[in-house]
Amino acid sequence: MKALSGEALRAKTIEFKRRISPKGPDGAPPSETLDDILVEAFAVVREAARRELDMRHFDVQLVGGALLHDGCVCEMATGEGKTLTSTLPAYLNALTGEGVHVVTVNDYLARRDAEWMGRVHKALGLRVGVIQQDMDAEERRDAYDADITYVTNQEIGFDYLRDNMATEASELVMRRRVNFAIVDEVDSVLIDEGRNPLLITGPATEGDDEMRKYVVASGVAAQMREGLDYTVDRKQKTADLTERGMMVAEQLLGVEDVWDTYDPWGRYVLLAVKAKALYLRDVQYIVREGQVMIVDESTGRVQANRRWNDNIHQAVEAKEGVEIKRENTTVASISYQCLFKLYEKLSGMTGTASTEAEELYTTYGLNVITVPTHRPSKRVDKPHAMFRTAAARWNAVADLVVSCHWEGRPVLVGTTSVEHSEYLSSLLSEYRWRASDGRLVQGVPHKLLNARPQLAAREAEVVAQAGREHAVTIATNMAGRGTDICDAEAVHVREKGGLQVIGTALHDSRRIDNQLRGRAGRQGDPGSTIFCLSMEDELMAIYCPGWASSSVWDWSGMDEDMPLYSSVVDNQLASIQANIEDFHASHRTSTYETDRIIDGQRDAIYNVRRRVLLEGQQPLRERLFRYVEWIVDDACERAGVDGLRAIEDWDTALIAGDAMPLQTPLPGLEARPEVITAALQGVEIVDMNPLTNPAKVTDTEPEAREEEVAARVERRMEFARLSQNYDRADLESVERVWVLRAIDERWQRHLVEMQVLRNSVNVRAFGQLDPMEEYRIDGARSFVDMVRDMRRKTLAHVFFFVGSAVEPVMEFDEEEVEKRRAAEAAAEAAAVRAAAAAGGTPISEAFARDDDARLREREEVLRARENDEVVAKTMIMRKPGEEEDGGGKGGER
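First residue of the sequence shown? That's 1 in full-length UniProt numbering, and the numbers climb one at a time after it.
Don't take each hint at face value.
[What the hints assert, rightly or not] Okay, the calculated beta carbon distance ranges per label pair:
{"#": "1", "residue 1": "C544", "residue 2": "E226", "range": "15 to 21 Å"}
{"#": "2", "residue 1": "S31", "residue 2": "H587", "range": "45 to 51 Å"}
{"#": "3", "residue 1": "A490", "residue 2": "S31", "range": "47 to 53 Å"}
{"#": "4", "residue 1": "E171", "residue 2": "R306", "range": "22 to 28 Å"}
{"#": "5", "residue 1": "D381", "residue 2": "S426", "range": "27 to 33 Å"}
{"#": "6", "residue 1": "G219", "residue 2": "M772", "range": "37 to 43 Å"}
{"#": "7", "residue 1": "E745", "residue 2": "G6", "range": "52 to 58 Å"}
{"#": "8", "residue 1": "S31", "residue 2": "R177", "range": "20 to 26 Å"}
[Stated by the list, open to error] Pairs of lysine-lysine residues, derived as BS3-like cross-links and limited to a Cα-Cα distance of at most 30 Å, are as follows:
{"#": "9", "residue 1": "K122", "residue 2": "K2"}
{"#": "10", "residue 1": "K2", "residue 2": "K17"}
{"#": "11", "residue 1": "K378", "residue 2": "K496"}
{"#": "12", "residue 1": "K17", "residue 2": "K341"}
{"#": "13", "residue 1": "K235", "residue 2": "K276"}
{"#": "14", "residue 1": "K447", "residue 2": "K382"}
{"#": "15", "residue 1": "K17", "residue 2": "K345"}
{"#": "16", "residue 1": "K447", "residue 2": "K378"}
{"#": "17", "residue 1": "K276", "residue 2": "K237"}
{"#": "18", "residue 1": "K382", "residue 2": "K235"}
{"#": "19", "residue 1": "K122", "residue 2": "K17"}
{"#": "20", "residue 1": "K345", "residue 2": "K122"}
{"#": "21", "residue 1": "K325", "residue 2": "K235"}
{"#": "22", "residue 1": "K325", "residue 2": "K237"}
{"#": "23", "residue 1": "K325", "residue 2": "K276"}
{"#": "24", "residue 1": "K447", "residue 2": "K496"}
{"#": "25", "residue 1": "K341", "residue 2": "K122"}
{"#": "26", "residue 1": "K496", "residue 2": "K382"}
Since the hints were made in silico from the structure, they are not lab data.
Just so it is clear, CB atoms sit at the ideal spot from N, CA and C, and this is done for glycine as well.
My request is simple: use the sequences and hints to build the entire structure.
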């Protein structure tokens, strides 16, 4: 490869694409696969990286690239060059033209890697795109259309959800199916972020009175005392009012009962107590520009667009005295587990995945394989130093920093919160020490990096300088990545022991501690790490409260400033962290199991929605006709309409309720429910679709009445003739918008219903029922009801709009539309309650098949309870006489 010119090396990309492309017009299989050209492709990338970046892939990086191509999680030690490794599988898989997503944890890394590694791909003739939070739709579309796209996990999730809320095809930004993803820091994205599903929300309907209650309740909570008025379980992150606390709240509020049904205050007071005790400023959040902004506890970065749900965010805003924003309702949601399982192939890389190997395999099917280091590690990890008090710990950290600084060693101090980082910064600024020349100096020069916006903006600059001689860097979890020793000072720094990393507290996860340790000793450089802890740390106070009260310092006579080094303490702390990790893993599993129940439903809805968005006018019109047929067929079936049964046995009221949304709002032509009922009972048959003709009466035999009802409702010819009053493109646009609106309205309402169901279903465990199974069954029933209601609403919207054009003098009155929708909803409610359904996957599969042109399907549901167990099935049956290719009108009636 070295002998090839730049153009010849670039031409290898065209050659590879030709070798793996299908042969001939019949799309025969390609002569070679990606695996066949892997060695050559990797060699091309290796040579391009040498020329463009002056970096040549090590053999261990080639191994890592092959593992990523195979869909594994590649565990490579910090400093082994994961970013460069990713160029190998990214280039290879981009040759298919289906796109590759390199997923990072923040915009800075996405932009850096796209500019840095993108030079290699561009030199080989590939297009490279990058997604940033502030980009518009056109820029995003162009980036996603590139061969390789660098993007954060949050941006790709929200773009996926927004695409499935688009009302025009031109609004889509992800126009290809997701093919292959390489997730950098895969443990952070798939494990730490796995507890927080992605949500797109819209404003709810909370009034000013509710907003006032948050403020008043916050004042009440401020006067309460922990242990007397309320209890806090910091392990489970819950709080409860005591009997005394409820009495105090009632006295302060001037009410008789805080849990009064008509004026409930208890919920607001409890939220205020949680905000006070469990959500701490500069730890879980910061206040910036009058807004409460969440700080990610794993990365230390501000999540500007994220809000806590369940009204916690409003309670925190009330505590801080900033503007309280109304609670939002979920418009679209997806968990990271379900999002990344959409990819045809998924892989990831990190330096700390072995502790989560089981979960990564169970949830994502990813094998974790450790790649050996290029050079043996020289890092020294010292035992934990345990101090009795936090003050003693901070003083010891300051002493150690000054000692290393005096020697010329670079120091990186990791803290767990913004508050702690700023406290240590002030301590070092006031520290008085004697320099090597004997002078008494006040203050240690240092750089501070945390979630404060003015500091976070300098992340790249601070990290780049952190490995220099005498450098002192204080950082939250957000920083320290890529802390290499400066080449110009490498000899001096290595002679003095390399980078010293100091941890000031243990995290809930051992992985995050290991990430901090990994900042030292990169690429075989020397380095050392130590964690300075105290008995007053949150981890000790919550999980080992007895240790602080009966400590070894009391009976041993040790000075409080002296640290304790003990393997017993280290083992106990490791056990505590393992238990916390198990707790979080169970929470992630619960989130995944919950989301998986509606995952099939979401796929079905989004599949239908995208087809509606992209299909032409004729398929869209045929869809509306099929909706008419399904609604009438379903109503007649549930009402027992059958020529072999007596008319008295028909549930004519049910049919009337289902038919009402299909009426056109023309003066004097509306069919009242009693008229429809009378018609079905044989008194008279009314034309139920008076789009162009006055209502008329016909006589017919009982056996033909179902067909009569369906035919009168459909009125295809009249509907088509009426369509001529519109410009064809305008009518198509109107129909499409109404179909999409009906889907969105009912899907959003379904999400709210599912959330309410999820919050309430746990009580069924007292009845010896499995809450998750009950959630699955009731969720399936709700989904089937949603599908039926969505079809009815679609036709109601379309018929109302089209019918209003018959009389040119009529104006489109939005208020009247809302009134009619309310009336329609009331009429539909009775029919919807009668629907019974259960099961999960069969229903979603059936609904997905809903889109096959002119196919008619029937859903029959059996729910039986035997021996206190719930058995639910959904049977999807095609009617006899239906053609497999969907020809004709949709089957014989």
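**Request:** Output the numbers, in ascending order, of every earlier hint that fails for this structure.
**Result:** Going through the list in order, the structure violates no hint and respects every one.
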